[in-house]
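Take these sequences, add in the hints, and give me the full structure.
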Amino acid sequence: MSVFDGFKFRRVYSPIHQLDPRVKFFYVLVMFVIAIMFNQLLPLILLFFIQLPFVFVAGVQREWVRSLRGALFFAIMIFLFNFVFQYFWTEYPLPPSPSLLEYSIAMTLRFIVLIESFSMFFLTTSPDHLGLALEQSHVPYEFCFAFTTAVRFVPVLAEEAQTIMDAQKARGLELERGNFIKKVKNYIPILIPLIVSAIRRSLELAEAMESRAWGATEKRTNLYVLRVKRGDYLLALISVLILIFAVYVWIFHREQIPLLTNFLAPLELTVTKIS
Amino acid sequence: MIAVKDVYFTYPNGVEALSGVSLAIRDGEFIAIMGQNGAGKTTLVKHINGLLKPTKGEVAVDGVSTRKVSVAKLSRKVGFVFQNPDHQLFCETVEDEVAFALRNFGFKEQLIKKRVTWALSLLNLTRYRQTSPFMLSGGERKRVALASVLAWNPDIVILDEPTIGQDYQQKEKLRQFIVQLNTQGKTVIIVTHDVEFVAECNPHVILMAQGKIVAEGGAKETLTNRDLVTQAFIVPPQVSQIFFELSDLKLPTNVIDVYDARKVLLDRLEVSS
Ligand SMILES: Nc1ncnc2c1ncn2[C@@H]1O[C@H](COP(=O)(O)OP(=O)(O)OP(=O)(O)O)[C@@H](O)[C@H]1O
Ligand SMILES: [Mg+2]
Numbered sequence: 001m002s003v004f005d006g007f008k009f010r011r012v013y014s015p016i017h018q019l020d021p022r023v024k025f026f027y028v029l030v031m032f033v034i035a036i037m038f039n040q041l042l043p044l045i046l047l048f049f050i051q052l053p054f055v056f057v058a059g060v061q062r063e064w065v066r067s068l069r070g071a072l073f074f075a076i077m078i079f080l081f082n083f084v085f086q087y088f089w090t091e092y093p094l095p096p097s098p099s100l101l102e103y104s105i106a107m108t109l110r111f112i113v114l115i116e117s118f119s120m121f122f123l124t125t126s127p128d129h130l131g132l133a134l135e136q137s138h139v140p141y142e143f144c145f146a147f148t149t150a151v152r153f154v155p156v157l158a159e160e161a162q163t164i165m166d167a168q169k170a171r172g173l174e175l176e177r178g179n180f181i182k183k184v185k186n187y188i189p190i191l192i193p194l195i196v197s198a199i200r201r202s203l204e205l206a207e208a209m210e211s212r213a214w215g216a217t218e219k220r221t222n223l224y225v226l227r228v229k230r231g232d233y234l235l236a237l238i239s240v241l242i243l244i245f246a247v248y249v250w251i252f253h254r255e256q257i258p259l260l261t262n263f264l265a266p267l268e269l270t271v272t273k274i275s
Numbered sequence: 001m002i003a004v005k006d007v008y009f010t011y012p013n014g015v016e017a018l019s020g021v022s023l024a025i026r027d028g029e030f031i032a033i034m035g036q037n038g039a040g041k042t043t044l045v046k047h048i049n050g051l052l053k054p055t056k057g058e059v060a061v062d063g064v065s066t067r068k069v070s071v072a073k074l075s076r077k078v079g080f081v082f083q084n085p086d087h088q089l090f091c092e093t094v095e096d097e098v099a100f101a102l103r104n105f106g107f108k109e110q111l112i113k114k115r116v117t118w119a120l121s122l123l124n125l126t127r128y129r130q131t132s133p134f135m136l137s138g139g140e141r142k143r144v145a146l147a148s149v150l151a152w153n154p155d156i157v158i159l160d161e162p163t164i165g166q167d168y169q170q171k172e173k174l175r176q177f178i179v180q181l182n183t184q185g186k187t188v189i190i191v192t193h194d195v196e197f198v199a200e201c202n203p204h205v206i207l208m209a210q211g212k213i214v215a216e217g218g219a220k221e222t223l224t225n226r227d228l229v230t231q232a233f234i235v236p237p238q239v240s241q242i243f244f245e246l247s248d249l250k251l252p253t254n255v256i257d258v259y260d261a262r263k264v265l266l267d268r269l270e271v272s273s
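From first to last, the protein sequence lines are chains A and B.
Heads up: the first sequence begins at 1 in our numbering, then just goes up one per residue.
Heads up: the second sequence begins at 1 in our numbering, then just goes up one per residue.
Simulated from the structure, these hints should not be mistaken for laboratory data.
Be aware that a few hints might be false.
Below, computed lysine-lysine pairings styled on DSBU-like, alpha-carbon distance capped at 30 angstroms [what the hints assert, rightly or not]: (1) A:Lys182 <-> B:Lys114; (2) B:Lys5 <-> B:Lys171; (3) B:Lys53 <-> B:Lys186; (4) B:Lys114 <-> A:Lys183; (5) B:Lys73 <-> B:Lys53; (6) B:Lys108 <-> A:Lys185; (7) A:Lys185 <-> B:Lys114; (8) B:Lys171 <-> A:Lys183; (9) B:Lys73 <-> A:Lys183; (10) B:Lys113 <-> B:Lys53.
As structure tokens, then:
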């Protein structure tokens, strides 16, 4: 649950919320690409910190932290897998050296950076804006509408699931009873009404919309139109610059990116001396 | 015996739906809870079978606090029919649907068959025994939901808006049936907006507004009391309205149904002739 909490939009106003979703998405893509390009710790740490100002300007720290906390489990898994598998199952088993540790941390951080930027995007972009952005990117209106409706119905469905659970409990259903298979089966009386009522609702919605002339005009206009403003140009520019810089470093200096362990070398010496 | 003691309830989103409700319902009583949309009626009755636990205060059924028993256990005693039948129908046939709760409670197959037959004929559903509940009309689905709860014969029956979508004939049957349940000694609690229905059943009426009980009393005294009715945003039965309008003829204004009206009018005619 908590991972998804970190992606749930809340209506607040900040410069970041006002930005054009298309530009924001471009920014997220840039972060994504850079995070995939590098597998060293140093650039990933930089990438992590570059995004912090956005989070604070948008004022979504609390939700953002929650999404990271939700991702913690996966982060730990990624770390362990990298560390353990590299150690045992590669052709030249690496000793559990500081550099292996650094590599595993880098891989974990890469995941966290990805989560960080996507959660930023969804936390600060309203579903309506997202729909508008899709529409203005020439995605057919039917798809945009389906998309925004789907997003909007998620909380409704969650509430309905609760009511259905109540109704079945009131008929003596005990969800926690029995072994594993029985427990899974216990959910059938909840899933079927949920699915049926979702389908019924969508059919009713379709009929209600059609009887109110949905799709009557070929060319739709919108009350709100997304316009690229100064802030958007600024963000686009920043994203492009970061991308250019990253590509430059990647092409010409990829090999020279220092390992953080090298900075810690004196420390390591003292450790080996003691042991 | 249901004891609701100074119950407050706040939904997770911060809406306070009940603010200090106290209520005692004796065994075998027939209660109708009325009040405008959002008054907290559904919230209140969900406390009685333990689906909701009070934020503050206590609800006890037969002396046992609802905090201490599971809903499934409690529902053996308290049958609850939900407002919307689509929230519970899931089986392939109406028969299975009605048998669902009985199987949960561990009834013997033979007894289940008998009870299902009884409940289906009671609600006029026998011919749909093998039909899928999803193929039925709205009113029929509501009756399947009713049958599926009444089948296990709980001591306390709670009906949230039982008359929704029922035609006149089914409503009349339902009324007779509810009254019959009550005369058999069951505690019946209905939540409804249907004043005419309440007027004909003549239960003990509880009027709610904004999470509080604003009045309670016999159907006649509450539904024909102009102040109370306005306070709870209820339109009194049409017959009562006529007598409100005729108040300058010095006719009594506490007339609740046609039989009452007939008596009052006949008396008046006798006097004048
Ligand atoms: N699941 C919920 N989450 C949050 N608030 C709720 C929930 N259910 C009801 N409420 C709120 O609690 C208040 C009381 O609701 P309730 O359903 O008890 O009203 P009601 O008297 O049954 O109304 P109706 O006549 O429309 O059925 C309302 O203000 C409603 O918005
Ligand atoms: Mg209700």
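Quiz prompt | Non-conforming hints, listed in increasing numerical order | solution = Hints 2, 8 and 10 contradicted; others consistent.
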